[in-house]
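Number of protein chains: 2
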Amino acid sequence: MSAISKAMEKLMANSSVLRTMFEEGKQMAVKYGKENVFDFSLGNPSTPTPPEFNDAIRQVLDENDSFSLHSYMSNAGYEETRAAIADDLNKRFGSHYGFKDIAMTVGAANAIVAALKVLTDPGDEVVVFAPYFLEYGNYISNFGAVTTVVPPNPPTFIPDPEEFRNALNERTKAVIINNPNNPTGIVYSEDAIKEIAAVLEEAQKKYGHSIYLITDEPYRELVYDGVQVPFIAGYYRNTLMAYSFSKAMSVPGERIGYLAVSPDADEADRISTGLGIAIRVLGCVNEPSLQQKAIVKVLDKFTDVSVYDTNRKILMAGLDKAGLEYVRPDGAFYLFVKTPTEDDREFSERAKNKYHMLLSPGSAFCCPGYVRIAYCVARDTIERALPLFEQLAEEYR
Amino acid sequence: MSAISKAMEKLMANSSVLRTMFEEGKQMAVKYGKENVFDFSLGNPSTPTPPEFNDAIRQVLDENDSFSLHSYMSNAGYEETRAAIADDLNKRFGSHYGFKDIAMTVGAANAIVAALKVLTDPGDEVVVFAPYFLEYGNYISNFGAVTTVVPPNPPTFIPDPEEFRNALNERTKAVIINNPNNPTGIVYSEDAIKEIAAVLEEAQKKYGHSIYLITDEPYRELVYDGVQVPFIAGYYRNTLMAYSFSKAMSVPGERIGYLAVSPDADEADRISTGLGIAIRVLGCVNEPSLQQKAIVKVLDKFTDVSVYDTNRKILMAGLDKAGLEYVRPDGAFYLFVKTPTEDDREFSERAKNKYHMLLSPGSAFCCPGYVRIAYCVARDTIERALPLFEQLAEEYR
Numbered sequence: 563m564s565a566i567s568k569a570m571e572k573l574m575a576n577s578s579v580l581r582t583m584f585e586e587g588k589q590m591a592v593k594y595g596k597e598n599v600f601d602f603s604l605g606n607p608s609t610p611t612p613p614e615f616n617d618a619i620r621q622v623l624d625e626n627d628s629f630s631l632h633s634y635m636s637n638a639g640y641e642e643t644r645a646a647i648a649d650d651l652n653k654r655f656g657s658h659y660g661f662k663d664i665a666m667t668v669g670a671a672n673a674i675v676a677a678l679k680v681l682t683d684p685g686d687e688v689v690v691f692a693p694y695f696l697e698y699g700n701y702i703s704n705f706g707a708v709t710t711v712v713p714p715n716p717p718t719f720i721p722d723p724e725e726f727r728n729a730l731n732e733r734t735k736a737v738i739i740n741n742p743n744n745p746t747g748i749v750y751s752e753d754a755i756k757e758i759a760a761v762l763e764e765a766q767k768k769y770g771h772s773i774y775l776i777t778d779e780p781y782r783e784l785v786y787d788g789v790q791v792p793f794i795a796g797y798y799r800n801t802l803m804a805y806s807f808s809k810a811m812s813v814p815g816e817r818i819g820y821l822a823v824s825p826d827a828d829e830a831d832r833i834s835t836g837l838g839i840a841i842r843v844l845g846c847v848n849e850p851s852l853q854q855k856a857i858v859k860v861l862d863k864f865t866d867v868s869v870y871d872t873n874r875k876i877l878m879a880g881l882d883k884a885g886l887e888y889v890r891p892d893g894a895f896y897l898f899v900k901t902p903t904e905d906d907r908e909f910s911e912r913a914k915n916k917y918h919m920l921l922s923p924g925s926a927f928c929c930p931g932y933v934r935i936a937y938c939v940a941r942d943t944i945e946r947a948l949p950l951f952e953q954l955a956e957e958y959r
Numbered sequence: 563m564s565a566i567s568k569a570m571e572k573l574m575a576n577s578s579v580l581r582t583m584f585e586e587g588k589q590m591a592v593k594y595g596k597e598n599v600f601d602f603s604l605g606n607p608s609t610p611t612p613p614e615f616n617d618a619i620r621q622v623l624d625e626n627d628s629f630s631l632h633s634y635m636s637n638a639g640y641e642e643t644r645a646a647i648a649d650d651l652n653k654r655f656g657s658h659y660g661f662k663d664i665a666m667t668v669g670a671a672n673a674i675v676a677a678l679k680v681l682t683d684p685g686d687e688v689v690v691f692a693p694y695f696l697e698y699g700n701y702i703s704n705f706g707a708v709t710t711v712v713p714p715n716p717p718t719f720i721p722d723p724e725e726f727r728n729a730l731n732e733r734t735k736a737v738i739i740n741n742p743n744n745p746t747g748i749v750y751s752e753d754a755i756k757e758i759a760a761v762l763e764e765a766q767k768k769y770g771h772s773i774y775l776i777t778d779e780p781y782r783e784l785v786y787d788g789v790q791v792p793f794i795a796g797y798y799r800n801t802l803m804a805y806s807f808s809k810a811m812s813v814p815g816e817r818i819g820y821l822a823v824s825p826d827a828d829e830a831d832r833i834s835t836g837l838g839i840a841i842r843v844l845g846c847v848n849e850p851s852l853q854q855k856a857i858v859k860v861l862d863k864f865t866d867v868s869v870y871d872t873n874r875k876i877l878m879a880g881l882d883k884a885g886l887e888y889v890r891p892d893g894a895f896y897l898f899v900k901t902p903t904e905d906d907r908e909f910s911e912r913a914k915n916k917y918h919m920l921l922s923p924g925s926a927f928c929c930p931g932y933v934r935i936a937y938c939v940a941r942d943t944i945e946r947a948l949p950l951f952e953q954l955a956e957e958y959r
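Protein sequence lines, in the order shown, are assigned to chains Z and Y. Residue numbers for the first sequence follow this note's numbering, so the first one is 563 and each next one is one higher. Residue numbers for the second sequence follow this note's numbering, so the first one is 563 and each next one is one higher.
Okay, chain Z solo, but in the shape it has when bound (with noise of 0.2 Å):
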């Protein structure tokens, strides 16, 4: 018997593509010199975090003697960093959270996994939408749940309700939607929200059980071109929104992030009660005290977003000129490319081999047949894999 769980060995088997990627551009930059490789793998922001967060800790240190900074809080975290950001979104929102309906977590990430852990029992299902965030399956599995995927609807690669409706069945408990979406950079409209949110209170009352929607929304602040992200819970009242201040503030190593419970939604207060026991019980205890005093003193500050619109849009003229096809992004950080093969992981393992451009297939988002671009790099080094790109498409003509 090995000592690993088989659930881990599984975990183990299919570790994570684009972590194993990260891996090994930081291996081929040793090899080759960092300005000969192209890592479009990952989602580590590439803008810098706006100053203040830095001048926010100083203050919290100055402010604050010992046992009020680092002392042990209530689960969910400090009452006055969740009631700040109940405020905040009201104000942008037009909703009306109070502080009990927030829950500081360790990231998004954690978030979307103590809603799990509150909401699903084994043999329930989740259902996601491809291409999707592989992370989210094993996110759903951790509690014996089961991921149920709608299929990737290209080339707009907006949910197809009837797809959706098919999806559901008496066990769904969840269902995650991530806007602005990784990998595709779409930024999904009112009118497909209010489809979602059509098929959901259907289903609702057809299997007679509340079925919650977790929004992961940590690119809610990085759209272009004056795209708006629907407030996803204005129009679903069982809405779990899980947020990051990774991306938005280039924050991803401090895993500041939150669940905000909508009011409105049924048994809202069980569900907060049972989010600060997740937190608990899965060992975080509290979102870190030093980030949970930060945060609230810096709201309203983001990274300088038109650094990534200015990357997006050479990128996108670039691919043009090459003759490849992508779905326009309007959110995120990401580009999603339809490979000149049907073999996506054939297209990036030349593109990393002969061009040391690393490219995540799009099989790694249950999507084959396309690549993923994540643009959160210098934008020099878009320039210049922009000619690789063009003899990278020469090959396939």
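Keep in mind that the hints were calculated from the coordinates and are not lab data. Hints are supplied without guarantee of correctness; some may be wrong.
Just so you know, same-sequence chains aren't split out, so a pair can sit in one copy or run between any two.
Below, a list of computed lysine-lysine pairs in the PhoX-like style, where the Cα atoms sit at most 25 Å apart [to be verified]:
1) K756 to K768
2) K916 to K768
3) K653 to K756
4) K593 to K568
5) K767 to K916
6) K568 to K768
7) K883 to K914
8) K916 to K568
9) K859 to K653
10) K662 to K593
11) K568 to K859
12) K900 to K572
13) K859 to K756
14) K883 to K756
Only a predicted model underlies this, so the values are computations on that prediction, with no experimental measurement involved.
Following the hints, complete the assembly by docking chain Y onto the known chain Z.
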């Protein structure tokens, strides 16, 4: 159908007695005045954080640019942090950890949960020794494993080898011990550790697979009267040590800990690989960066343990005078008092309602007939509580 999972419903019904007391204590403080409530319920450190910790945070902010400080890193943490912790352990305990054997986690609790994620499948068994921190049971059930409790062994509370042996079987994947111990305050002697190791070695042979000893050691630095805490990995190969800086450095809210996989353990490298994945799929992704960068600058800085020692001595003298029996504590900041009635909950309720003293019932640690006093409080609180202990004891004579 309730929105809440059956597993969470159970957790909500049995919500932590200790956390509930913590909340009750806060309410009583408002009602009766802070100075009139004697809250001995929670292990929230009462000695200040060494000032070098905050200095280290400031240095980290000054020394790093935005990317080297706030970005993603490997799921197990920065190599520098892990290497520094490995070196520190090796210097102190003659071990030979490398950076790869250390995984940075969101406190010791999260380290234990990550270890269980690596080791256990539904139906696997994990053994704990009563009295024990009931959260262990919740950590274990996260992934469907089952808790097996070795009954308490008063008055020493050193595990009885025969009872321990009886708790092991072919489904046993791990054993959790906590040394120095919460709630008893005892420190397992070298002989006790040797006996535990011998039983485990025998069981490994008998059942033909590795059984891992997860040692929960956040109180390692809090010991008195020159007592030595045995370095358990030196006595048993398959040891996974969970550590937190929470207690020794009075930073429980900052959630800084790690799991150290003994390099001599069976499948040590695969366990370490699994830990990185576990940290990722639990949604933590990584221990927050600021804390990781800061902690390595202050590995030799501890809070002033003599403050707890003074509290301990005053409390022991007072309990002696009140004629209450207790287990003599050599470590941590807990004292386990035998209740003069079998009904520890009644005793605890009486203490709370009549004397405004919050004492955790032993039942909350799977050990009725005792109450736990957490003496990590102001010395003055203890001094003023001593007459109340006398009056309380008097009621049972």
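Homomeric proximity label, K859 with K653: Cα distance no greater than 25 Å:
Within one copy only: 16 Å inside a chain, 41 Å across chains, cut-off 25 Å.
How would you label the pair K756, K768 (within, between, both, or neither) given a Cα cut-off of 25 Å?
within (18 Å within a copy, 61 Å between copies)
K662 and K593: within-copy, between-copy, both or neither at 25 Å Cα
between (51 Å within a copy, 22 Å between copies)
When Cα atoms must be at most 25 Å apart, do K568 and K859 count as within-copy, between-copy, both, or neither?
neither (44 Å within a copy, 39 Å between copies)
Using 25 Å as the alpha carbon limit, work out where K900 and K572 are close: within a copy, between copies, both or neither.
neither (29 Å within a copy, 48 Å between copies)
When no copy is named, should K883 and K914 be tagged within, between, both, or neither for a Cα gap of at most 25 Å?
within (21 Å within a copy, 76 Å between copies)
At most 25 Å between alpha carbons: which applies to K916 and K768, within, between, both or neither?
Neither: 53 Å inside a copy, 54 Å across copies.
Same-copy or cross-copy closeness of K916 to K568 [CA-CA at most 25 Å]:
neither (37 Å within a copy, 53 Å between copies)
At most 25 Å between CA atoms: does that hold for K883 and K756 within a copy, between copies, both, or neither?
neither (36 Å within a copy, 71 Å between copies)
If the cutoff is 25 Å on CA atoms, where do K859 and K756 land: within, between, both or neither? Let me know, please.
neither (34 Å within a copy, 52 Å between copies)
Indicate which option fits the pair K593, K568 if close means a Cα-Cα distance not exceeding 25 Å: within, between, both or neither.
neither (36 Å within a copy, 52 Å between copies)
When Cα atoms must be at most 25 Å apart, do K767 and K916 count as within-copy, between-copy, both, or neither?
neither (54 Å within a copy, 52 Å between copies)
The structure fails hints 2, 4, 5, 8, 11, 12, 13, 14 (numbered hints given earlier, in ascending order).
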